[in-house]
Amino acid sequence: EADIYQTPRYLVIGTGKKITLECSQTMGHDKMYWYQQDPGMELHLIHYSYGVNSTEKGDLSSESTVSRIRTEHFPLTLESARPSHTSQYLCASRGWRAGYTEAFFGQGTRLTVV
Amino acid sequence: QKEVEQDPGPLSVPEGAIVSLNCTYSNSAFQYFMWYRQYSRKGPELLMYTYSSGNKEDGRFTAQVDKSSKYISLFIRDSQPSDSATYLCAMNAGGTSYGKLTFGQGTILTVHP
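First to last, the protein sequences are chains A and B.
Okay, so the first sequence: first residue is 1 according to our numbering, each after it adds one.
Okay, so the second sequence: first residue is 1001 according to our numbering, each after it adds one.
Take the hints with a grain of salt, since some may be wrong.
With a Cα cut of at most 16 Å, we get these calculated EDC-like pairs of lysine to aspartate or glutamate [to be verified]: (1) B:Lys1100 x A:Glu56; (2) B:Lys1100 x A:Glu102; (3) B:Lys1002 x A:Glu102; (4) B:Lys1042 x A:Asp3; (5) A:Lys31 x A:Glu102; (6) B:Lys1100 x A:Glu22.
Please keep in mind that the hints were generated in silico from the structure rather than gathered at the bench.
Between the sequences and the hints, there should be enough to build the whole structure, so can you do that?
Now the structure itself:
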């Protein structure tokens, strides 16, 4: 099992609240990613980082922000949650394994905004 | 138009069946092709990885890539109830893409005893 952890696993929160989804990995990977996944839909990249102090927006527009102060930590923040933010958020890191690079995923945070 | 289209839709097969999952893509820059398996309430896990065109076999699983047709497939032989999961194809252009993956929408597979 991959050493990448997301907390919380499930979160139900009211509209307008500020939330931070945590993601940590112990594999020393430089590249980390946040994907958004809705039922029956593909994973959409919303943020990525290729090292400390580097963050970029992904292909899907998102109102969230991220930071990368330490290699192992890549939190995602929503300043003011809305029902449209209800989704599953998956964190991943990418590193070498047996001659190729592999993306390792956390178990996800299922967010419901009411 | 989506960069990656995955079919079929939800699939229900009896134990022992051969399963075929497919994706087509439009971006000719994609060089790395993956299949991920995602169990309910879990994150995706890498199942198969292929670089460029060709076949790769791992136990009951075979991945095929045809870059000329922009088409990839995953075959599962002797399917088992434990194979019940969502299967996602994913692709990457390599180079300066920073490892970003583009996913298909997934196929939910149910294998019933």
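Hint-by-hint comparison with the structure:
Between lysine 1100 of chain B and glutamate 56 of chain A the alpha-carbon distance is near 11 Å, which keeps this suggested pair within the 16 Å criterion. Between lysine 1100 of chain B and glutamate 102 of chain A the alpha-carbon distance is near 11 Å, which keeps this suggested pair within the 16 Å criterion. For the proposed pair lysine 1002 of chain B and glutamate 102 of chain A, the alpha carbon gap of about 23 Å is over 16 Å, so the pair is violated. Of the pairs offered as hints, the one joining lysine 1042 of chain B and aspartate 3 of chain A holds, with about 14 Å between alpha carbons and a cut-off of 16 Å not exceeded.
About 11 Å separates the Cα atoms of lysine 31 of chain A and glutamate 102 of chain A, which keeps this hinted pair within 16 Å; it holds. Distance check on the hinted pair: lysine 1100 of chain B and glutamate 22 of chain A sit about 20 Å apart at the alpha-carbon level, beyond 16 Å; violated.
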